Amino acid sequence: MTTRCKVAILHKATQQYVDAELIDGVTADEVNAAEAAWRPVLDEELKRMANESVPANRRPEHAHWDWRHKCEVTEGLLVYQMLGIEHDSKMQGLMLVQTAGVFCRLPNQKDKGLVYVMFIATAPWNSPVVVANPRFGQVGTVLIAAATQISLDLGFNGRVGLHSLPQSEDWYEKDMTDVGIDLKKNLRYFEMTPEQANNFIR
Amino acid sequence: MELKITTEWLKRRAVLDDNAEVSAGLPSINSFVDEANALRQTPGEQLILGEAFGKLVRFMRGVKRLSLEELARSADVEPAELENIEKAGDYRPEPRTVHNLSKILKLPEKKMLELSGNMVVRDTELTFQAERFAANAKHIDRLTSDQKDVLMAFVRYIAESK
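Listed in order, the protein sequences are those of chains A and B. Counting in the numbering used here, the final residue of the first sequence is number 202, and the numbers go up one at a time with none missing. Counting in the numbering used here, the final residue of the second sequence is number 1162, and the numbers go up one at a time with none missing.
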């Protein structure tokens, strides 16, 4: 079942907040439409970066992600929830979370249930590693707030976990605990404790 | 879901979030694909596990001397859904429902998620034990003492599982 609720995101050019919709239960059609809108922008920017010899560590690390594939793989499985933020009939960001079967790694939270953010990304025109002047800001903030809310609703007290891509580590360490490099995934793993969740959304 | 954040909250965070890149997730989704595909067990396996899950809930409700309505109320589940869980082996409850039932019935959530088809079953012993349990729990209202022993052994197996 899909639900929608009103949220705001920051229109960066005017520094004004604009209305958007948080979609819980993004449909396959909506994901297809998002990919169709995102892919040309990403491809064009990747081409520009190649022409300008932009170093690999400054190119988007998630450029190869295909959200249609993620949607197909999880279709019909209740432990996965796809969320998105829509504004101006365009998807501004997507997030896939797993709501069961994932447990905390922090020693003082060990084995307690959490909401695991499997994938999160903004539309390429909102990403500072893709474009010089992102169109909308705080799209990721609203999505992570939604993951925290799901965790609260499920009785996980706001516990959230995720593997950050290197370009996003600086942001996640502001609100979450850096558990260190997960050698199996070769990515830094972050966890939000109930106290951090409380500080984050208060 | 009701998201409680406001524009004021976003404004307070604006400095922290300025020009933040937020991408997170595994660079390769192969392991995730395997995990998700493994959740799609064969229909036969799903039925065995689902039936055992329903019978386990029904059996533990009896052990705790709770009516269907009482358990539904404590676990914040609709009585009709609980009835479906107990009777229909092919009914797959939502993770939240399994979480609440595990809490009330004091059974490990991970095993309950596996039985209910919400998590990958990595332990082949679980499927074997579940099949044996479901077979013995067919007539749960008139169990022989041998059948009760088998059922209690399954509950112990589940409770002691990590």
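Note that these hints are calculated values from the structure, not bench results. On a predicted model such as this, the values are computed, not experimentally measured, just so you know. Do not rely on the hints blindly, as some may be mistaken.
Below, simulated DSSO-like cross-link-like pairs (lysine-lysine); rule was C-alpha separation at most 30 Å, straight line [claimed, not checked]:
1. K110(A) to K1148(B)
2. K112(A) to K174(A)
3. K112(A) to K1064(B)
4. K110(A) to K1087(B)
5. K1011(B) to K110(A)
6. K112(A) to K1004(B)
Structure-based check of all given hints:
1. K110(A) to K1148(B): Roughly 35 Å between the alpha carbons, so the hint for K110(A) and K1148(B) is violated.
2. K112(A) to K174(A): Holds, because 22 Å separates the two Cα atoms, which is no more than 30 Å.
3. K112(A) to K1064(B): holds (25 Å)
4. K110(A) to K1087(B): With Cα atoms ~35 Å apart, K110(A) and K1087(B) exceed 30 Å; violated.
5. K1011(B) to K110(A): Measuring from Cα to Cα gives roughly 34 Å; hence the hint is violated.
6. K112(A) to K1004(B): Distance ~24 Å between K112(A) and K1004(B) Cα, so the pair holds.
Checked against the numbered hints given earlier, this structure breaks hints 1, 4, 5; the rest are met.
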